[in-house]
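Number of protein chains: 2
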Amino acid sequence: MQVSDPEWTDIEKNIARTAFDKAHKREVEALLIHVREEASTIVELGNLWQLHDFLSAKRFGIEGKYDYQYSGLLFVFAGLIKEGWLHINELEGLDKDKLSKVAVLSRM
Amino acid sequence: MQVSDPEWTDIEKNIARTAFDKAHKREVEALLIHVREEASTIVELGNLWQLHDFLSAKRFGIEGKYDYQYSGLLFVFAGLIKEGWLHINELEGLDKDKLSKVAVLSRM
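These protein sequences, in sequence, are chains F and E. At position 91 of the first sequence the residue is numbered 91 (the working numbering), and the sequence of numbers has no breaks. At position 22 of the second sequence the residue is numbered 22 (the working numbering), and the sequence of numbers has no breaks.
One should not assume that every hint holds.
[To be verified] Restraint ranges, calculated between C-beta atoms of paired labels, are given here:
1. E/Arg59 x F/Arg107: 51 to 61 Å
2. F/Tyr70 x E/Gly84: 46 to 56 Å
3. F/Gly64 x E/Phe54: 17 to 27 Å
4. F/Gly84 x E/Ala57: 26 to 36 Å
5. F/Gly46 x E/Gly72: 52 to 62 Å
6. E/Ser100 x F/Ile33: 46 to 56 Å
7. E/Gly64 x F/Ile33: 24 to 34 Å
8. E/Asp95 x F/Thr41: 36 to 46 Å
9. F/Ala57 x E/Asp95: 46 to 56 Å
Please keep in mind that the hints were generated in silico from the structure rather than gathered at the bench. In this text, a Cβ means the ideal position worked out from N, Cα and C, and glycines have one as well.
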């Protein structure tokens, strides 16, 4: 399946950017809530280093994942759907070919 | 000034261990309070990564600093006094030579 470098119309670019930002916002908000909750319960140094390890992994994951480049965007969306940060409906307006590629990739 | 490998009596070892553990406990408790407070105010991803950087530095610092080996213990105590986690009075009972070395080192 060829998914790299599909063409994006201006309308699609708007839809993509909005969906991307929405997913990012959701994931960040969930992360902040989780960290605030976790941190409030920490009473031992070991738990603190666990939180540190968790943040290291999250930082690496988030910084790597939210890469807004059209050549890889369908993969990014598929991943975000898989993880629950985006719903395929929120990509409505992209052409059918892109949507079906995202749908297939998100089930892999 | 020769500070490595001084001899430690059993009484001194007890005093040293108690002081070491006390300083560690104080620093850890202060750190946990700080992190709980910081985390509760985080509303942006940038602040979260700042906390992550802070924890990385603290972890490196704490794990390096609290090294209980008699050969380096006077340096460790001097550092802890300098940083405010230990008071020289809490080393009372160590021989005068050790105490004066720690006092000198803590002012360097």
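Do the hints match the structure? See the list:
1. E/Arg59 x F/Arg107: 51 to 61 Å: Cβ of E/Arg59 to Cβ of F/Arg107: about 39 Å, so the range 51 to 61 Å is violated.
2. F/Tyr70 x E/Gly84: 46 to 56 Å: At 54 Å between Cβs, range holds.
3. F/Gly64 x E/Phe54: 17 to 27 Å: Distance hint for F/Gly64, E/Phe54 holds at roughly 22 Å.
4. F/Gly84 x E/Ala57: 26 to 36 Å: Holds, at about 33 Å.
5. F/Gly46 x E/Gly72: 52 to 62 Å: The hint (52 to 62 Å, Cβ to Cβ) is violated, given that F/Gly46 and E/Gly72 are roughly 24 Å apart.
6. E/Ser100 x F/Ile33: 46 to 56 Å: Taking Cβ atoms as reference, E/Ser100 and F/Ile33 lie about 53 Å apart, which means the hint holds.
7. E/Gly64 x F/Ile33: 24 to 34 Å: holds (33 Å)
8. E/Asp95 x F/Thr41: 36 to 46 Å: holds (44 Å)
9. F/Ala57 x E/Asp95: 46 to 56 Å: holds (48 Å)
Checked against the numbered hints above, the structure breaks hints 1, 5 and satisfies the rest.
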